[in-house]
Amino acid sequence: MNNCQTTLQEKLEYNQLLENFILGCKKSQKIGMEYERIPVSKQTGEVTQYSGEFGVCECLRSFAKEDNWDYLLDENNIIGLKKLHDTITLEPGCQIELSIEPQEKIADIKNRIEEIDAAFEPILENYGIKLLNLGVSPKTTYKNIELLPKRRYHLMANYLWGILSDVMMRETAGIQVGIDFKSEEDAMRKFRLANMIMPFATAMFANSRIRGGVDTGYQSFRALAWLNTDNERCGFATKFQDGMTFKDYVNILLNTPMIFINREGKTVNINGQLSFKQFMDKGFEGFEANIDDWNLHSNLYFPEVRLRNFIEIRNHDCVGGGLQYAIPALYKGIMYNTDAIQEVEKLLCKYSYGEINELRYSVARFAIGAKIKKQAILPICKEIVNISYQSLKNKNDNEETFLEPLIEMLSKKKVPADMI
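So the working numbering is basically just the index in the sequence shown, starting at one, shifted up by 2.
Treat the hints as calculated values from the structure; they're not laboratory data.
Bear in mind the structure is a predicted one, so any value in this text is a computation, not a measurement.
Virtual Cβ for every residue (Gly too), placed ideally from N, Cα, C.
DEER-style ranges, computed between Cβ atoms: (1) Glu103 / Gly130: 28 to 36 Å; (2) Ala378 / Gly54: 44 to 52 Å; (3) Lys384 / Cys351: 17 to 25 Å; (4) Asn301 / Lys375: 32 to 40 Å; (5) Lys28 / Glu55: 42 to 50 Å; (6) Lys249 / Gly54: 43 to 51 Å; (7) Ala159 / Asp72: 26 to 34 Å.
With the sequences and hints as input, model every part of the structure.
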């Protein structure tokens, strides 16, 4: 009887695939931030490995005890910590990601990050670890970085193709921003615009020039790594067409190859043998698709901008010195003001999908020195930031000040990579 009930509950219908996006519609205008940093030895500058007496695992274990965080486990391995709505998780190469509960005020995000950092710093000091605000490991390359003992990461490492996929997984660190949407129309308008902004933002926050101890010649080697990782699940998830819907995004996911599913605590490797649509239609080795499979598959899709029950804007190098808060400020000023959205749309709609897609390759190397349609992008970047600045200033919350370090840097025709 129990087996029958399980089968009935697990049978997946097409309308369930839309539910997470539909339920994401909300009235709030919060900002979420995920902040990845690279742990290195203060003594050697090499990436701190997961295992060992002074490794990241033991460091997290000590911090959990000291500051009352709960463990996140994968087969009894510590892969992160959780405290209320905040998490500290580990990326494949032990990059430490701090995910803050979404807030209405950027100052509240900043205060929470600083609070956690202040509590974490004595533990890091005891373990001789420093967290770097860089987009790529400046000294240690992936061959010398231990892969985190998390089942998902090992399957991804074996599956993801592209000549720099290992660099992306083990060496890079970025900052991601989450924004809310109030309706399907609002979601897809913001989704389209965020994709159009993305290469310009990648350029402004480029901060991964040094890799393996040498100057790579790229202002954002991190962006280059993503350009050379599995283009079936990375890149743009839209061609900027008007009238895109949740169903259109679902159909993109349906036709993306699957990596694996979970069953009874174990992984079943699919390794790209079929798309999710094929899995729904005919199953795989006796397994039928369920909603957990869909949620996992959605999270194994890595476009520049990802649609969830919020919009996740992804492709920024990790930066510090106050610039990390300019990233959420930039999007808040634009995405929560209809006039600002219209202004940025007007600024960017003159460029085609192909032109903006090509720009992704140019900004990896030249950052704000790149060109689009033979035009320098620096003035365009400045205008995008100015639109956001004026929008925030008009709200009288003093949040435009978070953009001032970015404005000052652009006025000098610089990006973070130029400061290294």
